Amino acid sequence: MKEGVNPYVRVRKLFSLIKQTFILSLVVIVGSIVYVTYNEINYKAEPIAEQPIVEAFDEAEWDKIENGIHVRTGLIDAEGLMVVVSNCTSCHSAKLLTQNRMTAERWNETIKWMQETQNLWDLGGNQEIIVKYLTTNYPYTKKGRRAILTNVEWYELED
Amino acid sequence: MHCFFYSKSLITLKRKEFIKKAALSSFATLIGTQIVFGSKLLEGYIPLALEDPDPFTMFKKNKGMVVLNDKPWNIEAQAHLLDDKITPNASMFIRNNGLVPDTIDAKTWTLTIDGESAAKKKTYTLADLKSKFKHYTYELAIECGGNGRAEFDPPAKGNQWTVGAIHCASWTGVRLKDVLKDVGIKSDAVYIGFHAVDKHLSKDPKKEPISRGCPMAKALQDETIIAFKMNGEDIPLIHGYPLRLVAGGWPASVSGKWINRISVRNKIHDGTKMEGAYKVPCNPVAPGEKVKEEDMCIIESMPVKSLITYPKSGAMMSKGKTLTIRGHAWAGELEVAKMEYSIDFGATWKTCTVEKPSNRLAWQHFSASINFPKTGYYEIWARATDARGTAQPMMLPGWNPKGYLNNACHRIAIKVN
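Residue numbers (my numbering), protein chains in the order written: chain A, 1142 to 1300; chain B, 7 to 423.
Treat the hints as calculated values from the structure; they're not laboratory data.
Mixed in with the good hints, there may be bad ones.
Calculated lysine to aspartate or glutamate pairs in the EDC-like style (CA-CA distance at most 16 Å, straight line) [unchecked claim]:
| hint | chain 1 | residue 1 | chain 2 | residue 2 |
| --- | --- | --- | --- | --- |
| 1 | B | K327 | A | E1257 |
| 2 | B | K212 | A | E1246 |
| 3 | B | K325 | A | E1299 |
| 4 | A | K1253 | A | E1269 |
| 5 | B | K421 | A | D1218 |
| 6 | B | K325 | A | D1300 |
| 7 | B | K325 | A | E1297 |
| 8 | A | K1284 | B | D159 |
| 9 | B | K77 | B | D90 |
| 10 | B | K296 | A | E1246 |
| 11 | B | K318 | A | E1294 |
| 12 | B | K163 | A | E1297 |
| 13 | B | K298 | A | E1250 |
| 14 | B | K362 | B | E385 |
| 15 | B | K318 | A | E1269 |
| 16 | B | K318 | A | E1250 |
| 17 | B | K327 | A | E1250 |
| 18 | B | K318 | B | E229 |
| 19 | B | K163 | A | E1250 |
| 20 | B | K140 | B | E229 |
| 21 | B | K421 | A | E1299 |
| 22 | B | K421 | A | E1246 |
| 23 | B | K279 | A | E1257 |
| 24 | B | K296 | A | E1220 |
| 25 | B | K327 | A | E1299 |
| 26 | A | K1283 | B | D76 |
| 27 | B | K318 | A | E1246 |
| 28 | A | K1236 | B | D76 |
| 29 | B | K421 | A | E1250 |
| 30 | B | K213 | A | E1257 |
Chain A is nowhere near these chain B residues, computed Cβ spacing over 12 Å in every case [claimed, not checked]:
| hint | residue |
| --- | --- |
| 31 | T118 |
| 32 | K163 |
| 33 | P287 |
| 34 | E306 |
| 35 | S307 |
| 36 | E339 |
| 37 | E341 |
Simulated restraints on C-beta separations [unchecked claim]:
| hint | chain 1 | residue 1 | chain 2 | residue 2 | range |
| --- | --- | --- | --- | --- | --- |
| 38 | A | T1258 | B | P242 | 27 to 37 Å |
| 39 | B | E239 | A | T1258 | 49 to 59 Å |
| 40 | A | N1208 | B | F351 | 35 to 45 Å |
Model, not experiment: these values are computed from the prediction.
Idealized CB from N, CA, C, for every residue including glycine.
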């Protein structure tokens, strides 16, 4: 500010600056609401790009492998892990993969079902990688009509 | 954090980029560090540092409950956790099809009755419902249609429930039939369907995670209620606060949570998960057989079943001691007429004492005293028989593609030393 300028003019300038800032932020807020609303209406899940999408505050921590297990998801570290992590665990838990033991045919049917009803994207060449990972690392085991009791934790029964 | 229920979605979306940046700058302030690649996070995503990672604390559940799925939340009990006559919240299984609503304002909550076969469209506030209609309290057994799915071979996809997707809490509310009478139902009414505020997993606002219902005959039963209390208190959020439709004896998916609308339909309700789910083959099929959708029938009443809740499986005891077992039995729409146990894999059965239900559709408590003839390994198998003479099978019942209705006998392991 130049010396000798009327202090009232300076105050007026300051007020006008505040007013402009206020109007500008109002425009931004209203604009963003309209933008969000529009996007909400036209919203559809988009496919995940090829490049790794799992990034976070500490990348090394985020995708840490411990004792052959991908810590964040609990999935076995094997060929295809990251393709599975990025395509399968963004909408549902990895627990839905590890507790289901299906054949390739049934996994493919399940993928088709997710595409038809759950907004899952076209997996392209990744589908084969995913199904191979699942059937190799979480194979189907025969249970028969009734399995024997396993994992019984024995304890002394108090009176 | 009002939306801490959201899970760790990490889909890269270009939309809402600057909104996210703005939101994330406040996250950064909160956790005191810059979030790298924060702009790529999905809206609604809460960084791990801000998430409550412990569902047991979040939902006030017993630490022995088993988490089957965290997106959406699906948590089951174990048999020994269900020993109470009236199941407390801590031991009640959680089954969600979508994301738990993040904001619920009971003060402004309304329930609308509409549909082709409603005489008119009518909206009630919570206060209206509570003041206009008489309150009723019932103990109601609610079991997930897929309880026991884990045992099917070939396996069926979905949450691999073992035995713990059943509870019998005490529910207080108004009868659905009283509300429907107040609105008026046309003579062509066939079915009711509920609508609720939970969000689809894909966060697509046009999709409902679940919208099921039941035929008018079930809707008009005395025990089918619109509940606002569970075990004498406000319903916990995870179990449907502030309003839940409760239809005991039928697959739990009929008991819609967070409901804000019930449609009276002139046809079988066609909401989400009325097709493609909660159905079994109309005629029995071989294990693994493919079944066309038109050959699948909607599950109505759940089958007869029971659970030994004491002792916990794995008990070791000395010879000469008497073991008193106890548990519960239920039979969907029917009453349990007989309860038996076997310690010789079904070669012989002995009768248990079984109590009458507190009210229709409540589970029934049984007990028996057992003396073991010699030392060794035993399994105690429990078998309930319903009022029509249908008993639980010892082996898996008919295989079905989605793995529903496994009511095979429950058993526990015992060692006598």
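Evaluation of the provided hints:
Distance check on the hinted pair: K327 of chain B and E1257 of chain A sit about 59 Å apart at the alpha-carbon level, beyond 16 Å; violated. As the CA atoms of K212 of chain B and E1246 of chain A are separated by approximately 30 Å, the hinted pair breaks the 16 Å bound. Of the supplied pair hints, the one linking K325 of chain B and E1299 of chain A holds, its CA atoms being roughly 14 Å apart against a limit of 16 Å. About 13 Å separates the Cα atoms of K1253 of chain A and E1269 of chain A, which keeps this hinted pair within 16 Å; it holds.
Between K421 of chain B and D1218 of chain A, the direct Cα distance comes to roughly 39 Å. Violation of the 16 Å bound is thereby established for this hinted pair. Among the hinted pairs, K325 of chain B with D1300 of chain A is consistent with the structure: their alpha-carbon atoms are about 13 Å apart, no more than 16 Å. This hinted pair checks out: K325 of chain B and E1297 of chain A have alpha carbons roughly 13 Å apart, not beyond 16 Å. Among the hinted pairs, K1284 of chain A with D159 of chain B is consistent with the structure: their alpha-carbon atoms are about 6 Å apart, no more than 16 Å.
With a CA separation close to 29 Å, the supplied pair K77 of chain B and D90 of chain B exceeds the 16 Å bound. Annotation: proposed proximity of K296 of chain B to E1246 of chain A holds, straight-line Cα distance about 12 Å (limit 16 Å). Distance restraint check for K318 of chain B and E1294 of chain A: the Cα-Cα separation of roughly 9 Å lies within the 16 Å cut-off, and the hinted pair is therefore satisfied. Annotation: proposed proximity of K163 of chain B to E1297 of chain A is violated, straight-line Cα distance about 37 Å (limit 16 Å).
Under the criterion of a C-alpha separation no larger than 16 Å, the hint pairing K298 of chain B with E1250 of chain A is consistent with the structure, at around 14 Å. For the given pair, K362 of chain B sits about 27 Å from E385 of chain B by alpha-carbon distance, which is inconsistent with the 16 Å threshold. At most 16 Å may separate the alpha-carbon atoms for a hinted pair to count; K318 of chain B and E1269 of chain A exceed this at roughly 43 Å. For the given pair, K318 of chain B sits about 38 Å from E1250 of chain A by alpha-carbon distance, which is inconsistent with the 16 Å threshold.
At roughly 53 Å between alpha-carbon atoms, K327 of chain B and E1250 of chain A are farther apart than 16 Å, so this suggested pair is violated. A distance of roughly 32 Å separates the Cα atoms of K318 of chain B and E229 of chain B; the hinted pair therefore is violated under the 16 Å criterion. Our distance criterion of 16 Å between C-alpha atoms is met by K163 of chain B and E1250 of chain A, whose separation comes to about 10 Å. Under the criterion of a C-alpha separation no larger than 16 Å, the hint pairing K140 of chain B with E229 of chain B is consistent with the structure, at around 13 Å.
For the suggested pair K421 of chain B and E1299 of chain A, the alpha carbons sit about 13 Å apart, so the restraint of at most 16 Å is met. A C-alpha spacing of about 42 Å is found between K421 of chain B and E1246 of chain A, which places the hinted pair above 16 Å, so the restraint is violated. A distance of roughly 13 Å separates the Cα atoms of K279 of chain B and E1257 of chain A; the hinted pair therefore holds under the 16 Å criterion. For the hint pairing K296 of chain B with E1220 of chain A, the CA-to-CA distance comes to about 31 Å; that exceeds 16 Å, so the pair is violated.
At roughly 11 Å between alpha-carbon atoms, K327 of chain B and E1299 of chain A fall within 16 Å of each other, so this suggested pair holds. Only pairs whose Cα atoms come within 16 Å are accepted, and K1283 of chain A paired with D76 of chain B is rejected, the gap being roughly 27 Å. Using a Cα cut-off of 16 Å, the hinted pair K318 of chain B and E1246 of chain A is violated, with the two alpha carbons roughly 38 Å apart. Annotation: proposed proximity of K1236 of chain A to D76 of chain B holds, straight-line Cα distance about 8 Å (limit 16 Å).
Proposed proximity of K421 of chain B and E1250 of chain A is contradicted: the alpha carbons are some 44 Å apart, above 16 Å. Under the criterion of a C-alpha separation no larger than 16 Å, the hint pairing K213 of chain B with E1257 of chain A is consistent with the structure, at around 13 Å. No Cβ of chain A approaches the Cβ of T118 of chain B within 12 Å, the least distance being about 22 Å, so the stated non-interface status holds. Not every CB of chain A is more than 12 Å from the CB of K163 of chain B (nearest about 5 Å), against its label as outside the interface.
The Cβ of P287 of chain B sits about 16 Å from the closest Cβ of chain A, beyond the 12 Å cut-off, so the non-interface label holds. No Cβ of chain A approaches the Cβ of E306 of chain B within 12 Å, the least distance being about 23 Å, so the stated non-interface status holds. Its beta-carbon lying about 24 Å from the closest one in chain A, S307 of chain B satisfies the requirement of being farther than 12 Å from that chain. For E339 of chain B, the shortest C-beta to C-beta distance to chain A comes to about 27 Å, beyond the 12 Å cut-off, and the non-interface label holds.
Chain A leaves E341 of chain B outside its interface by the beta-carbon criterion, the shortest separation being 27 Å against a cut-off of 12 Å. Checked against the given bound of 27 to 37 Å, the beta carbons of T1258 of chain A and P242 of chain B, roughly 29 Å apart, stay inside it. At roughly 36 Å, the beta carbons of E239 of chain B and T1258 of chain A sit outside the given window of 49 to 59 Å. Judged by the Cβ atoms, the range 35 to 45 Å given for N1208 of chain A and F351 of chain B holds: they are separated by roughly 39 Å.
In the structure shown, a violation is registered for the earlier hints numbered 1, 2, 5, 9, 12, 14, 15, 16, 17, 18, 22, 24, 26, 27, 29, 32 and 39, in ascending order.
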